[in-house]
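S.K.: Here's the letter readout for the chains.
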Amino acid sequence: MAAKTLTIDGTQVSAEEGATVLQVARDHGIEIPTLCHLEGVYDVGACRLCLVEVAGIAKLLPACTTKISEGMELKTNSERLQKYRRMTLELLFAERSHVCAVCVSNGHCELQTLAYSHGMEHVRYDYCFPKWKVDVTHRLFGMDHNRCILCARCVRVCWHIEGAGTKNVSGRGASANIINDLNQPWGQSDSCTECGKCVMSCPTGALFHKGSTVAEMVHDRDKLEFIVNAREKKQWIV
Amino acid sequence: MVNEDLNVIAEKEQAARKKIVIRCCMAAGCMSSKSEAVKKNLEQAVNEAELSDGVEVRGVGCMKLCCEGPLVSVDSQNALYEKVTPENALELVQTLKGGNTGIKRGDWNHPFFKKQMSIVLANSGEIDPERIEAYIAVEGYQALLTVLREMTPKQVVEEMVKSGLRGRGGAGFPTGIKWGTVAKTESAQKYVICNADEGDPGAFMDRSVLESDPHSVLEGMAIAAYAVGANQGFIYVRAEYPLAIKRLQTAIKQAKQLGLLGSSIFESPFNFNIDIRIGAGAFVCGEETALMASVEGKRGTPRPRPPFPAESGLWGCPTLINNVETFANVPPIYRKGAEWFASIGTEKSKGTKVFALAGKINNTGLIEVPMGTTLRQIVEEMGGGAPDGREIKAVQTGGPSGGCIPAQHLDTPVDYDSLMKLGSIMGSGGMIVMDDSTRMVDVARYFMEFCVDESCGKCVPCRAGTQQMLHLLEKILNRKATGHDLAKLEELCDMVRHTSLCGLGQTAPNPTLSTLRFFRKEYEELLQPEEFGRYENGEARALK
Amino acid sequence: MDRLKVATVWLGGCAGCHMSFLDLDEFLIELAGKIELVYSPVVDVKEYPENVDVCLIEGAVCNEDNLEILHKIRARTKVLVSFGDCAVTGNVPALRNKLGLHNVENILQRAYVENAQNNPAIPKADGIVPRLLERVTPVHEAVSVEYFLPGCPPPADRIKALMTQVLGGKEPKLEGANLKFG
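Residue numbers (numbering that gives the first Met the number 0), protein chains in the order written: chain C, 0 to 237; chain X, 0 to 543; chain F, 0 to 181.
Just chain C, same shape as in the assembly:
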């Protein structure tokens, strides 16, 4: 393999031919934000967060699918890119209902983390508030379409890592959504192997393990009764 020399944000680096801009940048400690990229499955260039400026090319190119070439000069964090990235994040937040306060992934959500690392302290666009369902028909997992950003990571791991081919995308535009098999409730899917890779791959709280959501939280009221009894009746043993 031939080595290629290129410049990323003013730093000269060299890397093997065939590598993507994203790989090379990350190998050299230059962070480019991503949402649809997932190590281990092929890239689709859909979230547009990793767009970079390449000298001599008018269009912005996604770092995840663009191969490096000799003499390439890249800018990964220009003011313009930062602005576009923040706008992309705002659009995602406005598109469906991302209510961090009641989300299973609050505190460990890639979308949320990106929002604050990009200084998104509020969303300037009007929220769309679409009506999406929550599918909790599966024995182990749930899918809340309200939190889905359509990165299709789950689809890719399901087809290309697990090989089950349960997940897919149906509909288009605003009504595009992740489906199971022939658009049936997840619990009725014949092909799902219950491997859980989709849940692991999900960057937000759209796919979750059952029992982990705010609504499913079980309140142990018996404890209260125990404390009251202990205080008032001095009964320490049930």
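Derived by calculation from the structure, the hints in this document are not laboratory data. Be aware that one or more of the hints could be misleading.
Far from chain X, by Cβ distances over 12 Å, these chain F residues were calculated [claimed, not checked]:
1) Arg2
2) Val41
3) Leu94
4) Asn102
5) Val103
6) Glu104
7) Val128
8) Pro129
9) Arg130
10) Gly175
Beta-carbon label-pair distances, calculated as ranges [as the list claims (entries may be wrong)]:
11) F:Glu170 / C:Lys209: 44 to 50 Å
12) F:Lys97 / X:Lys479: 18 to 24 Å
13) X:Lys479 / F:Glu170: 27 to 33 Å
14) F:Gly126 / C:Lys209: 46 to 52 Å
15) F:Asn105 / X:Asp387: 47 to 53 Å
16) F:Pro48 / C:Gly195: 53 to 59 Å
17) C:Lys222 / F:Asp1: 47 to 53 Å
18) X:Glu10 / C:Lys66: 55 to 61 Å
All residues carry an ideal CB built from backbone N, CA and C; glycine is no exception.
We have chain C; now place chains X and F onto it with these hints.
M.R.: Showing chains X and F alone in chain C's frame:
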């Protein structure tokens, strides 16, 4: 099949020609106003009048002046009859025996016809699109024969480069260069695709070509396949075009029967087959990478380019994708030579362009004009201006990817670069005329809604950005928006244009941007004052 | 130097942000020396005063009352801060927007009739019980807002960080983990 066979068919066809030909338009437009019944009644009337020995009633493709359909022409009278009904067919046939008729007569000398220059539409409205013999009789498949006999693939590509033909699907990429790239890419398997997924609102050029002269497209594809080294072609046509599909199927079957498609075409080592793939009506499938995904049986969504289809297309093989009209231009170029073709049009835009004239204009229909014809010539002279004495306000080209050109720029010549300079594009040929009753913000909203509906949903800017832009446009129209909202809209236009994955998203802001450029006042008139804005100069604002 | 005139207001929210404000503990004492709290749920003032320097707004815009006072606040205040996720994003109160138009009737029906144990009836008293808006919005959709302090609730430290910046005459700017929803 050899040269002589082709000539035999042509001669036989010419010998069988009757003295008088009554042509009846059998393209989708006229058929929707009963031209099938008109044709049937014409045939019956000819028989009853015992004229069938000397008179042929021929179903032909689009006769162009769609607004006056069903159209019937009688060549011996040099007459064009308009709005013919099944009821007055008998009366029309009686004119051959000296009878009179009150049927509306069209004028072949009207600029609508006079200013046309037919290359792509040369056979449209002339020959029976369902008979290969009719196509052969007008030198059909001669170009393929010449190419296979006398030229190397390299020469074919060179000739195409020389012709200066640019892609008629919208972007105007030089066809010869595209062919050359596919030809140069080494691969045991290559494909040729004809993009017939015409989806711009108001556009019907490709449909008319397929319905009126399907063999010209097949021949063009075969020549392209020979040039690039492909042996398999696909025509991707939308399901909403059932007549075009039917005529293509017929044409392919006939060409196969005569050995003009299939193995060892014209006894050369060249093999080429064409299959039809029917699209389910998604606009985005007109985008080449989405189209290929759809042909492969996958969900029709685009993917990032590079790699370009010329390097890695259908099933990873080098693939040539051209539009219907581009392919239809191919046979004439090889019959008459690249120099001939390059002598038509402007310096950078060669040949002719077919437009579907629609909207607020007197003569709607199909026109083919040399590149460089001005918009004014098209809409005022050929189109006859706006109806009801209204003024033309703007002309929209390029559909949801294009822009609105205001009346003050009507003297712009129609070519790729001039339209681009005005913030529009040539597009595939839809031309929608708007009169002074049209509100331009409505136009922008209409096209944005189209993009929202047609976005595939894969990339965020196009999926979510168009929704927000539509919302902002609606807010403006509902008189609920402020200057802030307009600024947000413009910022989104810029962002969606530069960050979307494919052409659909990248061009979705164009109708909004171009109406903002030329008709900004119409937007601003709808804006509301900022009522509850920032506290300024330490002065509290009065409450309303 | 005049003390900064600060107000806090509680719109459609759970008061959690105000609780968090009270969690400022000893900083409250420091604050008391530097600001004058002119209007707040914890101050007995009925009318929102004129010439307020900074107002922290908790809660989403849910009813006509919220909207009315917000307009008044905007007119009489130099700097507005959306205080907590409900004000910044609409958060939980805005979830009812997903029910579409007429969600108002539906939720009132559900809350006051279907789930009522005693006297099921939708409360109606014009001029006393404010009517719900068709659509719950974050504060900045109703009036323009200068700064945003997200969090559900924003932890006391984060409030302190912002208030310190404001008191220091600096442009408040939250970064990193101080800028987190939820």
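S.K.: Return holds or violated for the Cβ distance of X:Glu10 and C:Lys66 against the range 55 to 61 Å.
M.R.: holds, 57 Å
S.K.: Can you tell me whether the CB distance of X:Lys479 to F:Glu170 sits inside 27 to 33 Å?
M.R.: Between X:Lys479 and F:Glu170, where Cβ atoms are some 31 Å apart, the hint holds.
S.K.: Please confirm whether F:Arg130 is truly not at the interface, meaning its C-beta sits more than 12 Å away from all C-beta atoms of chain X.
M.R.: holds, 19 Å
S.K.: Decide, holds or violated, for the assertion that all CB atoms of chain X are farther than 12 Å from the CB of F:Asn102.
M.R.: It holds; F:Asn102 is separated from chain X by about 19 Å at its closest Cβ, greater than 12 Å.
S.K.: Looking at F:Val103 again, its CB stays over 12 Å from all of chain X?
M.R.: holds, 20 Å
S.K.: Does 18 to 24 Å hold as the CB distance between F:Lys97 and X:Lys479, or does it fail?
M.R.: holds, 21 Å
S.K.: In this structure, is the beta-carbon distance linking F:Glu170 and C:Lys209 contained in 44 to 50 Å?
M.R.: holds, 45 Å
S.K.: Since F:Gly175 was said not to touch the interface, does its Cβ keep a gap of more than 12 Å from each Cβ of chain X?
M.R.: holds, 24 Å
S.K.: If we take the beta carbon of F:Leu94, is the closest beta carbon in chain X still more than 12 Å away?
M.R.: holds, 20 Å
S.K.: Does the no-contact call for F:Val128 survive, Cβ to all of chain X over 12 Å?
M.R.: holds, 23 Å
S.K.: Given the hint of 47 to 53 Å, check if C:Lys222 and F:Asp1 actually sit that far apart at their C-beta atoms.
M.R.: Given range 47 to 53 Å: holds, Cβ gap about 52 Å.
S.K.: Given a hinted range of 47 to 53 Å, is it respected by the beta-carbon distance of F:Asn105 and X:Asp387?
M.R.: Given about 48 Å between the Cβ atoms, the range holds.
Violated hints: none; the structure is consistent with every hint.
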